[in-house]
Each structure stands twice: as C-alpha cells, then as structure tokens.
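K.L.:
Listed here are the chains, written in short residue letters.
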Amino acid sequence: MERLRSLAAPATPALAALGAVAVAAAVWLVFSFAPMEKVMGMPQKIFYFHVPLAILSYVGFFITFVGSAAYLWKGSREMDHLAVAGAEVGLLCATLTLITGMLWGRPIWGAYWTWDPRLTTTFILWLIYAAYLILRSQVEDETLRAKYAAVMGIVGFADVPLVHFSVKLWSRGIHPVIERGPGDPGMHPDMFTAFKVSLAAMAVLFAVVFILRARVEFLRAEVERLKSARRP
Amino acid sequence: MGFFHTVWAVARKDLLMELRGKEMVSSIFIFATLTLLILNFALDMNRIDARAAAAGAMWVAFLFAGSVTMNRSFMSEKENDCLAALTLAPVDHAAIFFGKLAANFILMTVAEAVIVPTLITLFNVNVMERPGWQALVILLGTLGFLTVGTLVAAMAVNLRARELLGPLLMLPVVSPVIIAAAQASAGLVGGAPIGELAVWFQILATFDVIYLVVAWMVFERLIED
Amino acid sequence: MDFVVAAYAVIWVIFFAYVFVLARRLSALEGDVSRLKEKQ
Chain P
1 MERLRSLAAP ATPALAALGA VAVAAAVWLV FSFAPMEKVM GMPQKIFYFH VPLAILSYVG
61 FFITFVGSAA YLWKGSREMD HLAVAGAEVG LLCATLTLIT GMLWGRPIWG AYWTWDPRLT
121 TTFILWLIYA AYLILRSQVE DETLRAKYAA VMGIVGFADV PLVHFSVKLW SRGIHPVIER
181 GPGDPGMHPD MFTAFKVSLA AMAVLFAVVF ILRARVEFLR AEVERLKSAR RP
Chain F
1 MGFFHTVWAV ARKDLLMELR GKEMVSSIFI FATLTLLILN FALDMNRIDA RAAAAGAMWV
61 AFLFAGSVTM NRSFMSEKEN DCLAALTLAP VDHAAIFFGK LAANFILMTV AEAVIVPTLI
121 TLFNVNVMER PGWQALVILL GTLGFLTVGT LVAAMAVNLR ARELLGPLLM LPVVSPVIIA
181 AAQASAGLVG GAPIGELAVW FQILATFDVI YLVVAWMVFE RLIED
Chain Z
1 MDFVVAAYAV IWVIFFAYVF VLARRLSALE GDVSRLKEKQ
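Chains as they are written, first to last, in our numbering: chain P, 1 to 232; chain F, 1 to 225; chain Z, 1 to 40.
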C-alpha cells in the first residue's frame with residue numbers, strides 16, 4: 001500500500017494531463033468523426049459519455065465492495081479508505097449518468113424520467129450509496145464507522161448485478177440495449193472508435209479523481225492519528 | 001448447544017418478551033391500519049382500479065409494520081447491555097442473528113395475518129384469491145426485507161442517529177425486494193398467469209439467498225469488538 | 001442540440017466542482033498534517 005501510494009502521488013499530474021488530452025480527442029471524435037445516428041440524431045451524442053460514466057460507477061461501487069470485504073476480514077484501515085473513495089467517486093459517476101440520461105430522455109422519450117427498470121434500479125443504486133455516505137458522516141467512532149460502512153458496502157453491492165441484468169429480466173423496459181455479438185460491437189465501427197476513446201478518457205479521469213479522494217482519506221486518518229498521539 | 005437450538009433459544013426469548021407486553025402486536029396493527037387508511041385517500045379509490053392498488057398498499061403496510069418490529073428487536077438488548085452478554089455466550093454468533101431474524105419473522109407473520117384480512121375488508125379486494133402463490137410471495141418478500149432489516153437494526157442500535165439511519169440504510173437496499181414482491185402480488189391479484197410472474201419469483205428468491213448468505217457471513221464481524 | 005450542450009456542460013461543471021472541493025480539502029489537510037508534525 002505504501003509503495004502504491006508513493007507511486008500514485010507523482011503520477012497524478014501526468015494522468016490528469018493525459019485525461020485532458022484524451023477527453024479533447026474523444027469530444028472531437030464524437031462530434032466530427034462518428035456518424036450521426038439515423039433515428040435519434042444529435043441527442044445520441046450523449047451516449048458516448050453516458051455509458052462510460054455508468055460503467056465507471058459500477059467500477060467505483062466494486063472498489064467499495066472489495067475494500068469493504070478486505071476491511072472486514074483483514075482489518076486493514078487502508079482498505080476502508082479505498083472503499084470510501086470508490087463509493088464517493090462511484091456516486092459522482094452515477095449522478096452524472098442519471099443527469100445525462102435524463103437530458104437524453106427528454107428529446108427522445110419526451111420525458112426526463114420514466115420508471116423503466118434500468119432507470120429505477122440505477123436510481124436505487126444511487127440511493128444506496130448516498131445512504132452509505134450519510135452513514136459514514138453520522139458515526140463518530142472511527143472503528144465503528146469503518147465496520148458499519150463495510151457491512152453496507154457489501155450488502156449494497158448485492159444490488160449491482162440486479163441493476164445490470166434488470167433490462168433482460170424485466171422485459172417491459174424501454175431503455176435501449178446494444179445488441180453485441182462476438183466481433184460485432186452492435187454499432188457503426190466509427191461510433192465504436194469514438195466510444196472506446198471516450199471510455200478510456202473517462203477511465204483516466206476516474207483514476208485521477210479516485211486517487212485524490214483516497215488521498216484525502218489517508219491524510220484525514222493521519223491527522224486523527226497525530227491528534228490522538230498528542231493527547232496524553 | 002447446537003446451532004438450531006441456539007437459534008430457537010434466542011427467538012423464544014424475544015417472542016416471550018413480546019407476549020408479556022402486548023403493546024407490540026396492537027401497535028403494529030394500528031400502524032398498518034393507519035397506513036391503509038391514508039393510502040385509501042391518497043390514491044382516491046373512486047377513480048383508480050382498487051385491484052391494482054391493493055397489492056401495493058399491502059406491501060407498504062407490511063414495510064411500515066416491519067420497520068417498527070425491527071427497530072425493537074435490538075433496542076431491548078441495548079437497555080441492560082444484554083447484547084454484550086449474548087455475544088459473550090459460547091455460541092455461534094450467526095445463531096444469534098438467525099434467532100433474532102426468526103423472532104422478527106414470526107412476529108411479522110402474525111402481523112400480516114391480521115393486516116391481510118383488514119386490507120381485504122377495507123379495500124374490498126380479495127388479495128388472497130390464489131392463496132398458495134400469494135402466501136409464497138409474502139413469505140419470500142418478508143424474509144428478504146427482514147434479513148436486511150435485522151442486520152441494519154443490529155448496527156443502528158449503537159448509533160446516536162438510529163431513528164434516521166435505520167430506515168435510511170434499510171429502505172434503499174430492500175427496495176428491489178419490495179418492488180419484486182409488489183409486482184408479483186399485483187400480478188396474482190390481477191389474474192396474470194404464473195409463467196409471466198416467474199421472473200419476480202426468481203428475483204425474490206435470488207435476493208433472499210444473497211442477503212441470507214451475506215448477513216450470515218457479516219454478522220460475526222459486526223458484533224465482535 | 002440544447003440537450004446535448006446541457007449534458008456536456010453538466011458533466012464538466014459537476015466534475016470540476018468536485019475536483020475543486022477535493023483540492024481544497026487536500027490542501028487544508030496537508031496544512032493540518034505539517035502543523036501537527038511541527039508541534040511534535
């Protein structure tokens with residue numbers, strides 16, 4: 001962990017620069033290179049960032065799940081720090097997924113919100129991780145906070161697979177699904193290129209924000225440690 | 001002491017306590033009836049299909065009644081530091097959890113046995129037209145939300161903001177279970193063929209298994225110091 | 001088109017607002033750490 005931290009700190013500015021360049025490239029590809037979608041037209045351009053954000057919110061929640069399990073069974077406080085960072089950055093991505101989805105839904109469906117299964121379950125996930133962060137803010141005792149948050153990090157993650165498979169299970173949905181096959185991305189190859197670049201760009205930015213958030217948590221723990229060391 | 005013996009001992013103790021003070025069952029009943037009353041007017045039953053609303057109203061009533069039950073289940077242990085004593089006992093800690101869960105489940109079943117006839121009378125809809133299937137939905141749904149609720153209650157009891165955090169942590173996590181249960185119940189009342197409802201049964205059963213396994217694995221870590 | 005502009009704007013406004021908050025918290029914490037270490 002110490003080694004990982006000492007590697008992450010100097011790499012962050014470079015990662016941020018890389019992320020900025022990649023985002024610029026992705027935006028260019030989305031608007032100038034990828035073809036206009038025939039049915040939806042312009043609003044389809046939202047998809048290139050909406051879907052990567054959704055994927056990254058799962059990544060964040062998965063980090064929380066792994067960190068929570070590692071904390072409960074190995075008892076290492078550092079894992080708890082990673083769990084918070086995963087939940088908060090994951091929640092940021094989920095928030096942006098919901099907002100961009102609503103801004104796509106209005107011109108395409110004629111409504112910002114529908115109770116489609118994918119929307120409903122994503123909203124539930126959002127609530128779960130928002131509750132997780134409120135729980136953390138409400139428990140003063142450090143050990144109790146880490147332990148309780150870890151339990152919620154594990155229990156809450158049980159809902160993630162449901163969200164992902166909800167579209168197939170619950171067949172009345174109207175949220176689009178991209179039908180993919182082996183060697184077939186389910187969209188125009190140029191659209192797929194733009195999508196992949198955008199996913200990579202957002203993943204880099206996710207890493208940057210995640211490192212920053214985890215660093216806040218490590219420093220906070222250090223401040224606590226130093227303060228308690230000074231007390232007789 | 002064997003595992004099931006411990007489970008039963010904990011459950012029996014809780015149930016005996018509830019039997020001594022009868023305020024629990026009566027307050028659950030009042031609470032659930034009030035929920036039905038409010039929903040009846042909130043939904044404006046003259047305009048909408050009562051059959052469609054009844055199943056949803058049933059699950060809202062169950063959920064409210066359930067949150068009262070679960071809050072209680074660990075509060076009583078807190079009062080004289082009984083939980084600490086319980087965890088010192090040389091028994092499998094998971095058995096304590098399952099004992100609590102069993103007590104909550106039996107209490108909820110009793111409450112539901114009262115709520116359902118009340119609902120049938122007040123809404124004038126027979127939600128138990130297909131009694132076997134509906135009972136299965138109620139069993140799976142209740143088990144799902146009680147498992148999460150009991151686990152959350154075990155945590156919330158130690159917190160200052162327990163009235164806030166208990167429902168805040170439980171409701172989002174159990175909402176998929178409640179949605180699936182309400183959809184299955186509504187389908188049964190509306191006369192949908194079982195084949196169409198299979199997906200809800202699958203979701204309910206999957207969640208029950210996942211929550212039971214997770215709670216069983218996590219509870220040990222949760223109560224140890 | 002308006003919705004596309006709004007969506008892209010929302011992403012970056014919220015993203016940078018979050019990064020800004022994180023940066024402020026980081027610098028405050030770094031200050032705390034160095035202050036506490038000096039006193040020791």
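These are calculated hints, taken from the structure and not from any lab test.
Some hints could be false.
[Stated by the list, open to error] Only part of the chain F face toward chain P is listed, based on derived beta-carbon distances under 8 Å:
(1) T35
(2) L39
(3) L43
(4) P172
(5) V173
(6) A205
(7) V209
(8) I210
(9) Y211
(10) L212
(11) L222
[Unchecked claim] In silico DSS-like pairs for lysine-lysine, Cα to Cα no more than 25 Å straight-line:
(12) F/K22 - F/K78
(13) F/K78 - F/K13
(14) P/K227 - P/K38
(15) Z/K37 - P/K196
(16) Z/K37 - P/K227
For every residue, glycine included, the Cβ atom is placed at its ideal position computed from N, Cα and C.
K.L.:
Is the interface hint satisfied for F/I210? The criterion is a beta-carbon contact with chain P at less than 8 Å.
P.N.:
Since chain P brings a Cβ to about 5 Å from F/I210, closer than 8 Å, the hint holds.
K.L.:
Tell me if F/P172 is really an interface residue toward chain P, meaning its C-beta lies closer than 8 Å to one of theirs.
P.N.:
Given a least distance of 4 Å, the restraint on F/P172 holds.
K.L.:
Using 8 Å as the Cβ threshold, decide whether F/V209 counts as touching chain P.
P.N.:
Cβ of F/V209 sits 10 Å from chain P, so the hint is violated.
K.L.:
What's the verdict on P/K227 and P/K38, does the C-alpha distance respect the 25 Å limit or exceed it?
P.N.:
Since the Cα atoms of P/K227 and P/K38 sit roughly 62 Å apart, the hinted pair is violated (cutoff 25 Å).
K.L.:
Is the interface hint satisfied for F/Y211? The criterion is a beta-carbon contact with chain P at less than 8 Å.
P.N.:
7 Å, holds
K.L.:
Double-check F/L212 for me: the hint is only fine if its C-beta lies closer than 8 Å to a C-beta in chain P.
P.N.:
11 Å, violated
K.L.:
Identify whether the interface hint at F/L43 stands, where standing means a beta carbon of chain P within less than 8 Å of its own.
P.N.:
17 Å, violated
K.L.:
Have a go at the F/V173 hint: is there a Cβ in chain P nearer than 8 Å to its own Cβ?
P.N.:
6 Å, holds
K.L.:
May I ask you to test the interface hint for F/L222 with respect to chain P, counting a Cβ-Cβ separation under 8 Å as satisfied?
P.N.:
Since chain P brings a Cβ to about 6 Å from F/L222, closer than 8 Å, the hint holds.
K.L.:
Less than 8 Å between beta-carbons is the criterion; does F/A205 satisfy it with respect to chain P?
P.N.:
13 Å, violated
K.L.:
Hint validation: F/T35 versus chain P, beta carbon distance must be below 8 Å. Holds or violated?
P.N.:
21 Å, violated
K.L.:
Would you check whether F/L39 satisfies its interface hint, that is, whether its CB is within less than 8 Å of any CB in chain P?
P.N.:
At 19 Å from the nearest chain P Cβ, F/L39 fails the 8 Å test, so the hint is violated.
In this structure, the earlier hints numbered 1, 2, 3, 6, 7, 10, 14, 15 are contradicted, and the remaining ones agree with it.
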